[in-house]
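Novice: Okay, here's what each chain looks like letter by letter:
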Amino acid sequence: MYYIDLAVTGISFGCMYAMMSVGLTLVYGLLRILHVAHAAVFALGAYVTVLVANATGSIALGFLASLIATPLFGMAIYRLLYEPLLKYRPDVPMIASVGLLILMQDAFRILFGEQGVTFRSNAFSFTTFNFAGITISAVQIAIVIAAAVVFLGLHLFTTRTRIGVGWRATVSKPQIAMSFGIDPIKVRYLNFAIGSALAAVAGGLVALLNNLVDPAIGFVVSYKALAIIVLGGLGSVRGTLVASLVLGLVEAYGTIFIGAWLDRDAIAFLALIVLLMIRPQGFTGAKTA
Amino acid sequence: MTAYEISIISIVGINVILAVSLNMISGFCGQVSLGHGAFFGAGAYAAALAMVATSSVPLAILAAILTGCLLGIIVGFASLRVRSDFLAVTTIGVNFLFIGFVRKQSWLGGEMGISGIPATGLGASGNMIMILLFACATIAFSFYISRSWMGFAFRAVGEDEGAGATLGINAGAYKLMAFGIGTALAGLAGALYTFFTQFITADAFDFIFSVMLMAMVVIGGIGSTWGVVVAAVGLTLLPEAIRFVNDYRLLVFGGLLVLVIRLAPGGLAAMVRGLVLRVRGA
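Chains as they are written, first to last, in numbering that gives the first Met the number 0: chain A, 0 to 288; chain B, 0 to 281.
It cannot be assumed that every hint is accurate.
If you want the ones that stay clear, here's a sample from chain B, every Cβ over 10 Å from chain A, calculated [claimed, not checked]:
| no. | residue |
| --- | --- |
| 1 | Val-56 |
| 2 | Phe-140 |
| 3 | Ala-162 |
| 4 | Arg-242 |
Distance ranges between label pairs, derived from CB positions [as the list claims (entries may be wrong)]:
| no. | chain 1 | residue 1 | chain 2 | residue 2 | range |
| --- | --- | --- | --- | --- | --- |
| 5 | B | Ser-147 | A | Arg-161 | 38 to 44 Å |
| 6 | A | Val-148 | B | Phe-198 | 50 to 56 Å |
| 7 | B | Gly-167 | A | Leu-155 | 53 to 59 Å |
| 8 | B | Arg-242 | A | Lys-172 | 51 to 57 Å |
Just so you know, these hints were derived from the structure itself, not from any lab.
Where a beta carbon is used, it is the ideal one built from N, C-alpha and C, also for glycine.
Pulled out of the complex, with its shape left as it was, chain A reads as follows (with noise of 0.2 Å):
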């Protein structure tokens, strides 16, 4: 029972982190940046999903507050950070991305403390299943269902809407996107948005799950989410998916075979550097230079 214990965990880590990711792949799809703050909306999300829950007693007006928030936040982020730098080497946009990241998780222990900010009533997280002697709590339930629904809505919506096909004809040939009369800047804003209310969404589950928002919630979450993209072939939802369920998987196992020599949040890395010295353009063959 203990294996398929840690299959739960790493099922429901993989949703969680494909949640996460999804939102980087697709920027760097489009623009080619390496969005590390990312992170921070991650985080934002989190944190306002929690404080409007406290304020308000309900749980889902947390969560629909952030979906409003946090997609503003990622198209200022586009507008204001992004936009002008970039001219330069894709390297430039991503260090200043790494210093929006610092800057803000520093932000968040200054404003709510390091310690953190707890749900004030939270029945999920001690809300547990129980079949045949497998415990599953409420929250990874959750975590799987909300994956489940996002990625099959990002299906439908990619591929069975005009928004959509115009998102992914800019994505693929901007230039020729852009004869066919579609804006390339909104489809750059929308970017923004979709993946930072998907990073919101992730955020207040791991809230949920941990009981716990803490200044560091965003940070060993956002360089593994690099990893994960990267292993998943970049800009490819499908690759980024696949990815994050077998990372969820291997931490889970590799915790107890490797655990004993290195750490549970180096094996993506690990993972990371080996593909991308046998094959440097990714498992799908996308191109990392």
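Given chain A's structure and the hints, the job is docking chain B onto it.
Specialist: Just chain B now, with coordinates in the frame of chain A:
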């Protein structure tokens, strides 16, 4: 001098060595490394082990330089395969791997680190003078490289590898050299840090520290030795001089990093250069 002043000056010297050595890799040669803390840490651990085993300062320095350089050349091979922002991600990974590995090794003291490292026998002010001498030597070396053929080749690789290749510059070899030299100096800084504190834990060499080093290089003006030295001294003293900055250190560093890249991508060096040109023109 008070003990406080001696320790501050020692830390300034160590940070200057680190920032100038990172500037050789990222500034001269254009290979962005966000894992410089790992090489610093590797040097510190090597020096600590050597000191505990032999109590010999030259041996500890040698061990630190070799360890830093060796690890740097291994990571340098990554720069042959991946470029630009992906190299940055790889070096972030190296930093996390280093910390994750060291924390779990009992022979490296695990989470507790290594304590009770023998003193150098030079005393606090003797250590400080040694650190400052090494810092001056590093700065002089950086100027020497910048004016040598190697510095020219580094810049050619950093600006445009393809154009460099048409001039017969072997980009791979120079990248490895930049990594080897820069990380050897980071290892040296690690040894000096070990002599200074006599106690090390993995947390001192984390990713945040690497970002601070990159902040020094970017704020000083990437590629400019003087700019980087001024930024390293300034950013190390700033939290000591202003109480507010010490409490909100990361906020200030992150904010400066964003502002400088956004408003003056050339850093301090470019600002001063622009000012000088304007004065001359007027």
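Novice: Is the nearest CB of chain A more than 10 Å from the CB of B:Ala-162?
Specialist: The assertion about B:Ala-162 holds, with a minimum of 15 Å to chain A.
Novice: State, for the Cβ atoms of B:Gly-167 and A:Leu-155, whether the hinted interval 53 to 59 Å holds or is violated.
Specialist: Once the Cβ atoms are compared, 55 Å apart, the range 53 to 59 Å for A:Leu-155 and B:Gly-167 holds.
Novice: Classify the label on B:Val-56 as holds or violated, using whether its beta-carbon is more than 10 Å from each beta-carbon of chain A.
Specialist: Nearest chain A Cβ is 31 Å from B:Val-56, so the label holds.
Novice: Range hint 38 to 44 Å: satisfied by the CB atoms of B:Ser-147 and A:Arg-161?
Specialist: Violated, at about 59 Å.
Novice: Is it true that the C-beta distance of B:Arg-242 to A:Lys-172 lies inside 51 to 57 Å, as the hint says?
Specialist: holds (55 Å)
Novice: For A:Val-148 and B:Phe-198, compare the CB-CB distance with the range 50 to 56 Å and indicate the outcome.
Specialist: Given a distance of about 51 Å, which is inside 50 to 56 Å, the answer is holds.
Novice: Taking the minimum C-beta separation from B:Arg-242 to chain A, is that value above 10 Å?
Specialist: Its Cβ never comes within 10 Å of chain A, the nearest being 14 Å, so this holds.
Novice: Does B:Phe-140 sit more than 10 Å from chain A, CB to CB?
Specialist: Per Cβ check, B:Phe-140 is outside 10 Å of chain A; nearest 25 Å; holds.
In this structure, only the earlier hint numbered 5 is contradicted, and the remaining ones agree with it.
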